[in-house]
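Visitor: Residue numbers (my numbering), protein chains in the order written: chain A, 1 to 294; chain B, 1001 to 1305.
If you are wondering where the hints come from, they were derived from the structure by calculation, not from laboratory data.
On a predicted model such as this, the values are computed, not experimentally measured, just so you know.
Careful, some of the hints might be misleading.
Covered stretches of chain B, going by a simulated chain A footprint (3 or more residues, C-beta under 8 angstroms) [unchecked claim]: (1) 1063-1070; (2) 1133-1145.
Pulled a few chain A residues facing chain B out of the computed Cβ check, cut under 8 angstroms [unchecked claim]: (3) 109; (4) 173; (5) 198; (6) 199; (7) 205.
Straight-line C-alpha distance at most 25 angstroms; calculated SDA-like pairs for lysine to any residue [said to hold, decoys possible]: (8) 1144(B) / 59(A); (9) 1144(B) / 63(A); (10) 283(A) / 240(A); (11) 283(A) / 1105(B); (12) 283(A) / 1119(B); (13) 283(A) / 1123(B); (14) 1144(B) / 26(A); (15) 1144(B) / 45(A); (16) 1144(B) / 65(A); (17) 283(A) / 1227(B); (18) 1144(B) / 250(A); (19) 1144(B) / 47(A); (20) 1144(B) / 98(A); (21) 1144(B) / 44(A); (22) 1144(B) / 72(A); (23) 283(A) / 1111(B); (24) 283(A) / 1232(B); (25) 1144(B) / 66(A); (26) 1144(B) / 214(A); (27) 283(A) / 66(A); (28) 283(A) / 1108(B); (29) 1144(B) / 71(A); (30) 283(A) / 1180(B); (31) 283(A) / 1144(B); (32) 283(A) / 1113(B); (33) 283(A) / 1114(B); (34) 283(A) / 1110(B).
For each residue, glycine too, the CB sits at the ideal point set by N, CA and C.
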Amino acid sequence: MGTTARSLPRTRPVTADRSWRLRQRLLAAGRYALLIGFLVVFLVPFVWYASMALKTERQIAASPFGLPIPPAWDNLEQAWTLGRYSQYLPNTVVYAVAVIAGVCTFSCLSGYALARLTFPGRNLMFLLLLVGITVPFQSLMIPTYYLARDLNILGTRLGMIVPATAFGLSFGSFLMRAFFRGLPEEIADAARVDGGSEWRVFRDVMLPLARPGLATLATFSFLETWTAFLLPLVLVQRDELRPVSLGLLFFTGRYSSDRGLIAAGVMFTIVPIILVYIALQRKFIEGITAGALK
Amino acid sequence: MAYPMRQRGLLSGITRPRRVNWIAYLFMLPTVVLYSLFVLYPFVASFSLSLTDWNGADSVRTFVGFDNYVRLVRDGVLRTALTHNLVWMVVGSAGGIGLGFLLALLVWHRPRGFVLFRTVFFLPQVLGAAVVGIIWKLIYRPYKGLLYELGETFDIPFLRFPFLGETTTALGAILAAAIWAGAGFFFVILLAGLQNVDRDLLDAARVDGASGAQRLRHVVVPQLAPIFTLVLVLALIGSLNVFDIVWAMTEGGPANSTEVIGTYSYTKAFLESNVGYAAALTMVMTALAIGVSAVLIRIRARQEV
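With the rest of the complex left out, here is chain A:
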């Protein structure tokens, strides 16, 4: 209620103005106190884990809230080798890159067709794609598991990548369709009048204009893949192929008595995604809210 209110007090008597200002100040101070309180509640777990990751079990036991001095780098080293983070992390990157590439490429094509091209069956395809948006993965997990087994991709990286891509396509197609519909038709028409084929119109004229939509979709798919849990839980049964979020579950189960080691695993899981989030914050928030408003 700050800036717009400031013009009002002029009409009030001076004394009222002073007490009004005091009240405003108190309000602002209270608001800040609350905000900082919440900031602490949201950050304390991270600080706790970060400090534990650099302490030995004995250091933690001696002073659970003390600073990690001297820092114990062993935890990180052990989580990396013993805890298989040297495999979990590259796995996650491979999954994310592959799924983003697949989802973005295929969604661009189908989204464009659904938005801009005329063909029999278009409305039916649109309706069928709705199924994938409405239905949770749980509804599909059982047949998907046996399908992956029968296709012999269950124990491989493809066993994660292909279903994850397929599952991302319905939202991707919807997002890209909406984006292509928002572009002015005249641009495409101008290119057509100049004699361009539909493929040329798509590739040279429309696709470059769709870049912001693609960036949002890429961010969304990245987050979905990085944080995927049930999908790899069902489809990725070999430890050396697990992504970080699933790997962390088994890692914490295996080394449950060693807090420093567990904390190191947590750090390996969350620090990369937090860094990407901070770098691309606006896109992240856009991506997640676009996902919600689908």
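Place chain B on chain A using the hints.
Guide: Okay, now just chain B, sitting in the frame of chain A:
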């Protein structure tokens, strides 16, 4: 729907006939193949599996008709699980949306440090529910968890309780973690909504002597009504489908005290190899998800008019 722009403008007289773009099928091909195989087929297959008593290993699947669905009705664990989903809908939604709205109101006027606050409040969203669950499982852990240590250090006996290990507190403890993680999501959406609230109306109410609470109740909230509806439906869908955070923290235990339909169907399908019955359970989830989504689609259709 096809060429709305052709109706007017330069091209109006010389419109091409509505031509079929055959190339569209090439555009659709990869999506149709992958989607049919890994979404549409499993969607249909779930239903047909739910009519069998398959155990996942045998080559024979006996058709049992709607037997599994009859069993669903008498399944006490399912009833417990659905009750927890219902609790989740009420407490989880109210808590998450309430906290998110409070946070949004606190930073509405972009105080100094706005970007920091927004970044931190939204942070749990990017970790994923499973990782949030694992982090909180260790925070609640007796003897070695954060809360226990805080209880030791500052002598607060209440905090030394094994929250996840007791049937009375486990669900509440998971819900608290879920609210902590979910608030940032509602915060961002509601904050976007607050940016569109009519400031003149607010000032008018202030001049008329409305208190802060009155302005909130009679000016801000009514203008946000469509967004609240949307956010509520999203929260309800999320409450029905919840799995990751519960599985990561308790796997539905102890003694089914945190069981939700998502964890129950996973357990039946992959730990107890009761595939036919699990498929019937997932059909219940599908039906509920479609029901709530239908409401959402209708609401959105009405809003877009």
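Visitor: Next step is simple, just say for each hint if it's right about the structure.
Guide: Status of each hint after checking the structure:
1. Counting residues of the region 1063-1070 of chain B whose beta-carbon sits less than 8 angstroms from any beta-carbon of chain A gives 0, not enough to reach three: the coverage restraint is violated.
2. With a threshold of 8 angstroms between beta carbons, the proposed coverage of the region 1133-1145 of chain B by chain A holds, since 7 of its residues qualify and at least three are required.
3. For residue 109(A), the suggested interface contact is upheld, since its CB lies about 4 angstroms from the closest CB of chain B, less than 8 angstroms.
4. At its closest, the beta carbon of residue 173(A) sits 6 angstroms from a beta carbon of chain B; the interface hint therefore holds under the 8 angstroms criterion.
5. Hint on residue 198(A) holds. Least Cβ distance to chain B is approximately 5 angstroms, under the 8 angstroms limit.
6. Restraint check, residue 199(A) versus chain B: the minimum CB separation of about 6 angstroms is within 8 angstroms; hint holds.
7. Against a cut-off of 8 angstroms between C-beta atoms, the interface hint on residue 205(A) is violated, since the closest Cβ of chain B lies about 15 angstroms away.
8. Distance restraint check for residue 1144(B) and residue 59(A): the Cα-Cα separation of roughly 13 angstroms lies within the 25 angstroms cut-off, and the hinted pair is therefore satisfied.
9. Our distance criterion of 25 angstroms between C-alpha atoms is met by residue 1144(B) and residue 63(A), whose separation comes to about 12 angstroms.
10. Our distance criterion of 25 angstroms between C-alpha atoms is broken by residue 283(A) and residue 240(A), whose separation comes to about 31 angstroms.
11. For a cut-off of 25 angstroms, the pair hint linking residue 283(A) to residue 1105(B) stands: about 23 angstroms separates their Cα positions.
12. Simply put, residue 283(A) and residue 1119(B) have alpha-carbon atoms about 12 angstroms apart, close enough for the 25 angstroms limit, and the pair holds.
13. As the CA atoms of residue 283(A) and residue 1123(B) are separated by approximately 14 angstroms, the hinted pair is consistent with the 25 angstroms bound.
14. Distance check on the hinted pair: residue 1144(B) and residue 26(A) sit about 40 angstroms apart at the alpha-carbon level, beyond 25 angstroms; violated.
15. As the CA atoms of residue 1144(B) and residue 45(A) are separated by approximately 14 angstroms, the hinted pair is consistent with the 25 angstroms bound.
16. As the CA atoms of residue 1144(B) and residue 65(A) are separated by approximately 12 angstroms, the hinted pair is consistent with the 25 angstroms bound.
17. The straight-line distance between the Cα atoms of residue 283(A) and residue 1227(B) is roughly 21 angstroms, inside the 25 angstroms bound, and the hint therefore holds.
18. Proposed proximity of residue 1144(B) and residue 250(A) is supported: the alpha carbons are some 19 angstroms apart, at most 25 angstroms.
19. Between residue 1144(B) and residue 47(A), the direct Cα distance comes to roughly 16 angstroms. Compliance with the 25 angstroms bound is thereby established for this hinted pair.
20. For the proposed pair residue 1144(B) and residue 98(A), the alpha carbon gap of about 39 angstroms is over 25 angstroms, so the pair is violated.
21. A distance of roughly 16 angstroms separates the Cα atoms of residue 1144(B) and residue 44(A); the hinted pair therefore holds under the 25 angstroms criterion.
22. The hinted pair formed by residue 1144(B) and residue 72(A) meets the criterion: a straight-line CA distance of about 19 angstroms does not exceed 25 angstroms.
23. Under the criterion of a C-alpha separation no larger than 25 angstroms, the hint pairing residue 283(A) with residue 1111(B) is consistent with the structure, at around 22 angstroms.
24. Proximity of residue 283(A) to residue 1232(B) is assessed by CA-CA distance (about 24 angstroms); at most 25 angstroms being required, the pair is judged to hold.
25. This hinted pair checks out: residue 1144(B) and residue 66(A) have alpha carbons roughly 15 angstroms apart, not beyond 25 angstroms.
26. Between residue 1144(B) and residue 214(A) the alpha-carbon distance is near 45 angstroms, which puts this suggested pair outside the 25 angstroms criterion.
27. A C-alpha spacing of about 36 angstroms is found between residue 283(A) and residue 66(A), which places the hinted pair above 25 angstroms, so the restraint is violated.
28. A distance of roughly 20 angstroms separates the Cα atoms of residue 283(A) and residue 1108(B); the hinted pair therefore holds under the 25 angstroms criterion.
29. A distance of roughly 20 angstroms separates the Cα atoms of residue 1144(B) and residue 71(A); the hinted pair therefore holds under the 25 angstroms criterion.
30. Between residue 283(A) and residue 1180(B) the CA atoms are separated by roughly 22 angstroms; this keeps the pair inside 25 angstroms, and the hint holds.
31. For the given pair, residue 283(A) sits about 37 angstroms from residue 1144(B) by alpha-carbon distance, which is inconsistent with the 25 angstroms threshold.
32. At most 25 angstroms may separate the alpha-carbon atoms for a hinted pair to count; residue 283(A) and residue 1113(B) meet this at roughly 20 angstroms.
33. This hinted pair checks out: residue 283(A) and residue 1114(B) have alpha carbons roughly 17 angstroms apart, not beyond 25 angstroms.
34. Taken as a hint, the residue 283(A) and residue 1110(B) pair is honoured in the structure, with Cα atoms around 20 angstroms apart against an allowance of 25 angstroms.
Of the numbered hints given earlier, the model fails hints 1, 7, 10, 14, 20, 26, 27 and 31; all others are met.
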